[in-house]
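Trainee: Spelled out, the chains give:
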Amino acid sequence: MHEFSITQSILSIALEKANTVKASRVSQINLVIGELSGIVDECVEFYFDFLSKDTIAAQASLSFHHPPTRLRCRNCAAVFSPNNLNWVCPNCHGPKIEILSGRECYVESIEVE
Amino acid sequence: MEIKVLQDILSANDAIARKNQSRLNKHGILTINVMSSPGAGKTSLIMQIISQLREKARIAVIEGDVASTIDADKVSKQGVTVVQINTAGGCHLDANMTENALNNLPLDDIDLLLIENVGNLICPAGFALGEHKRVILLSLPEGDDKAYKYPSMFTQADVVLINKIDLLPFLEFDIASFSNAISGLNPEVKIFQVSCKTGQGLEDWLSWLQEQIKEMKSHHGS
Numbered sequence: 065m066h067e068f069s070i071t072q073s074i075l076s077i078a079l080e081k082a083n084t085v086k087a088s089r090v091s092q093i094n095l096v097i098g099e100l101s102g103i104v105d106e107c108v109e110f111y112f113d114f115l116s117k118d119t120i121a122a123q124a125s126l127s128f129h130h131p132p133t134r135l136r137c138r139n140c141a142a143v144f145s146p147n148n149l150n151w152v153c154p155n156c157h158g159p160k161i162e163i164l165s166g167r168e169c170y171v172e173s174i175e176v177e
Numbered sequence: 106m107e108i109k110v111l112q113d114i115l116s117a118n119d120a121i122a123r124k125n126q127s128r129l130n131k132h133g134i135l136t137i138n139v140m141s142s143p144g145a146g147k148t149s150l151i152m153q154i155i156s157q158l159r160e161k162a163r164i165a166v167i168e169g170d171v172a173s174t175i176d177a178d179k180v181s182k183q184g185v186t187v188v189q190i191n192t193a194g195g196c197h198l199d200a201n202m203t204e205n206a207l208n209n210l211p212l213d214d215i216d217l218l219l220i221e222n223v224g225n226l227i228c229p230a231g232f233a234l235g236e237h238k239r240v241i242l243l244s245l246p247e248g249d250d251k252a253y254k255y256p257s258m259f260t261q262a263d264v265v266l267i268n269k270i271d272l273l274p275f276l277e278f279d280i281a282s283f284s285n286a287i288s289g290l291n292p293e294v295k296i297f298q299v300s301c302k303t304g305q306g307l308e309d310w311l312s313w314l315q316e317q318i319k320e321m322k323s324h325h326g327s
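As given, the protein sequences belong to chains A and B, one line each in that order. Once you know that position 22 of the first sequence is 86 in the working numbering, the rest is easy, because the numbers rise by one and skip nothing. Once you know that position 111 of the second sequence is 216 in the working numbering, the rest is easy, because the numbers rise by one and skip nothing.
No wet-lab data here; the hints were simulated from the structure. Idealized CB from N, CA, C, for every residue including glycine. Some clues are possibly wrong.
[To be verified] Chain A stretches covered by chain B per the calculated footprint, using a threshold of three residues with CB under 8 Å from any CB of chain B:
| # | stretch |
| --- | --- |
| 1 | 69-76 |
| 2 | 99-110 |
| 3 | 160-168 |
In isolation and in its complexed conformation, chain A is listed as follows (with noise of 0.2 Å):
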């Protein structure tokens, strides 16, 4: 339910930057999502066909980036992807792990005529 509100704000992104260089038409909108941000791409497609609806971004298609969840074991600075619910380090076994990547959630470009 939270991508209802993730759409209006990529929406109000894309719109408030097309405004900007005068464009006419938002034909894509390239998001970067990763994987640990719980977002759901069909969900946001769905919403956003509704919201764009009377934009100059309706019919924009959505392209999604999903960076894969990456960690570093502060321990021995080890760095891996978890294994399932397993994040221990499989290194040094040590349980002290920072996220390097896998939590994105912006707009990272849009394509407009």
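Fit chain B to the known structure of chain A by using the hints.
Mentor: Relative to the frame of chain A, chain B by itself:
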């Protein structure tokens, strides 16, 4: 033509949250965002805080709920100011809803503002409200494997309260492994073991809370 944007999707929410926080700072109101799954004990925690601290601090509550005023009714029976936000199906509170709630609170007469978020361990983590501290409750029946299932939530917590600790003899919950996982993800986090039902362990947590209220007052006068 491609235009670089590089703007955080939640930046509009974050901007309102910053505005809320500076407003709360001006009034010296320590604000706590209480988050957990449904049924972990958010309302019970708030009731405990009210009954233990009501002589020491002026408390107000913002109750976020998907629907109904059941929690708000319980809390207002305690004689503190409550503002209810019904999210009408929405799964989290946001900064804008919080701003509206603040408009309906007597900000000059509050020391401690407790915000009960919608019961959910996923989306509330993404939406700052303007709070000073984030408190997450995890109750024993939920299981000790939740740290890595909801990492966003736990990496942003200032405090994790392990609630329903009175049920420990009846459940297989490995407190040490859960606490290690949480501290591993978030070295600064404070962890308290409590029972909001029996009152067990609440003393340490409440004294931490009172410290925070004091600190807030000392920075912001009155």
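Trainee: Against this structure, judge whether each hint is valid.
Mentor: Hint-by-hint comparison with the structure:
{"no.": "1", "hint": "69-76", "verdict": "holds (count 5)"}
{"no.": "2", "hint": "99-110", "verdict": "holds (count 3)"}
{"no.": "3", "hint": "160-168", "verdict": "holds (count 4)"}
In terms of the numbered hints stated before, the structure departs from none.
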